[in-house]
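Undergrad: Sequence:
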Amino acid sequence: MNPEPRGTGSLLEEILSERIMVLDGAMGSMIYAHEPTEADYRGARFASHPFDLKNCTEVLVLTQPRMIGDIHRTYLEAGADIVETDSFNSNRLSMAEFGLEDHVFELNRAAAEIARRAADAMTRRTPRKPRFVAGSIGPTKKQLSMGVHVEDPARRDVTFDQMVANYAEQVRALIAGGVDILLPETSFDTLVLKACLFAIAQVFEEIGARLPVMISGTIFDTGRTLSAQTVEAFYHSISHVDALSVGLNCAIGVDLMRGPLEGLAQVARTRVSCYPNAGMPDGFGGFLGDRDHTATTLGEFARNGWLNIVGGCCGTTPDWIAAIARAVAGVAPRKPPEGPSYSCFSGTEPLILRPESNFIMIGERTNITGSRRFARLIREGNFEVALNVAREQVEAGANIIDVNMDEGMIDGVQAMTRFLNLVSTEHDIAKVPIMVDSSKWEVIEAGLKCIQGKGIVNSISLKEGEEAFLRQAKLVNRYGAAVVVMAFVKGGVIPGIPEGQAVTREHKVAICKHAYKLLTEEVGFDPSDIIFDTNILTVGTGIEEHNNYAVEFIEAVRDLKRIFPVAKTSGGVSNVSFSYRGNDVVREAMNAAFLYHAINAGLDMGIVNAGQLEVYEEIPRDLLERVEDVLLNRRPDAADRLTEFAETVKSKGKKDAGKDLAWREGPVEE
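Heads up, the sequence shown is in the working numbering, so the first residue is 411 and it goes up one at a time.
Since the hints were derived computationally from the structure, they do not count as laboratory data. Each hint should be verified, as a subset may be incorrect.
[Unchecked claim] Under the rule of at most 16 Å between Cα atoms (straight-line distance), these lysine to aspartate or glutamate pairs were calculated in the EDC-like manner: (1) Lys551 to Glu516; (2) Lys552 to Glu487; (3) Lys745 to Glu424; (4) Lys850 to Asp821; (5) Lys850 to Glu805; (6) Lys745 to Glu672; (7) Lys850 to Glu874; (8) Lys923 to Glu855; (9) Lys884 to Glu855.
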């Protein structure tokens, strides 16, 4: 099997560089215009099928192939460059409604073959205008980002893995039938779309070849997807895919697409498509839009530089496509924006790290090791109340929340899945990106299967060698997440670098350089999706070899920002002050002073208790001097002097340390 027998990928790229391409219109509207009966849907093949088949338009590729072929032909004659297969619902989950789940492969292959014959016939008639086939892949009626059970909002009727298997079967069949393009479309739940894209990547790996992939999401009159993502957040969630195009279709008419499409065109680093409905639904199976207005408006969008591919969705017919084709004829295609690549993450809203961005706070309190209160709630199974911990972190200014379930008495996979499923139903929390944090790969993977946005994995390392590192990195990339790389290495991986956690500046940088090379050259990671954590280690321990730990970290950050200006740096800030646990005054001052120097060296983000960070300039001078003596290793007796001062602070009380610290009087377990 050759999935791309004519080299259509390069041909499509060439055409798209020259002009705007035209997609066909609605398949369903054309089928319903024929007014097929139950007998027509059944045909001879399914005459005695135990399920009603009326309105199962996909079965017509087996029972009425001539009708479907004629519809493709009329769209091609109207000016369509690309026709979509009649396979929108041809997946196992959707076909089960009609008792046709065991016919999925045949349905998709037949749909592709019918469209293929029509496109090839038209190409023979107009060889200077080749025609293409896109395999239509619908969203199913299932949801992964949203709960459908009021009594248990964390429950899902289908898993990510089941969705991947569902789509992989469809993708294999469409490729077998000869499609040129794969088109996941009308995506209203980005996590379902990510499962589809995961399946596509899986199949490409199986067959050792790739096809172009078009991606199209659906927004509503809110300007968001049904799962509450903004268009920009949606784009960043699927930007890991090297897509032929990303666009919008269905749900609304052309007028309501103006703002979202402009926003997408501004951020998308690939081509942009748009194929709206024939206006808003009229409530009686029709649509309220006007053909000429739609065509004129799409022509305006094209002249604004927003479009590369254009067409129609529900309610549009060949005469609409002909009008749209005329409206964009001769208009130059959109050119994707050029410029620097920024680190972009997303929940339901985007988080963009630009050069002028402030330090990014990653909330630590949804980490079992970072909050005794959170740990207790999770152990007790009180997940709904545990959500308040996440909410408090977001309200306190956390840009990202770190979720960690690593505890011996907890089933990490189950806990991570349930908690993140609940988070996705709480829009005030779900708006921020998720950092999935675990030392266990199975827990990380469980978390990635629950987040529709572009999250961050914390972390992977070379601790187990290159093979394990690459295997995990490839999966992180396939799930569409950024990655934190810890400066930890197995012995023998890098000549001259000892096994274990890097301590010195030189070793930290050497490990990160090696990891960067593997990630960018062998996995294909964008540098902006790589985050280095060079180990914030505890100072003030009384052990001499620990005295320079903070300096080594700060200088390693400085080096890495110079060597890899696009990659990011992070760390667990509270580790630095662990020697002074129990003394909040000293510990918070130490954390704040450390952050001040690390940020000046280039630290981009850190895991902190959002809302409880000291202001560097407000630290009492005598305390600051002693704290910085320890952090910067300025004198041999620094730790002793700070320890002595810390005891004084304890004995005199917090207010005597130079400021009102009443906000710290909350429950100790928080």
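Undergrad: None of the hints should be skipped; say for each whether it holds.
TA: Here's how the hints hold up against the structure:
Simply put, Lys551 and Glu516 have alpha-carbon atoms about 21 Å apart, too far for the 16 Å limit, and the pair is violated. As the CA atoms of Lys552 and Glu487 are separated by approximately 36 Å, the hinted pair breaks the 16 Å bound. Restraint check for Lys745 and Glu424: the C-alpha separation of about 13 Å stays at or below 16 Å, so the hint holds. Annotation: proposed proximity of Lys850 to Asp821 holds, straight-line Cα distance about 11 Å (limit 16 Å).
Distance hint between Lys850 and Glu805 is unfulfilled; the C-alpha atoms sit about 29 Å from each other, more than 16 Å. This hinted pair checks out: Lys745 and Glu672 have alpha carbons roughly 13 Å apart, not beyond 16 Å. For the hint linking Lys850 to Glu874, the alpha-carbon distance of about 13 Å falls within 16 Å, and the restraint holds. Between Lys923 and Glu855, the direct Cα distance comes to roughly 25 Å. Violation of the 16 Å bound is thereby established for this hinted pair.
Distance restraint check for Lys884 and Glu855: the Cα-Cα separation of roughly 12 Å lies within the 16 Å cut-off, and the hinted pair is therefore satisfied.
The structure does not agree with the numbered hints 1, 2, 5 and 8 stated previously, though it agrees with the rest.
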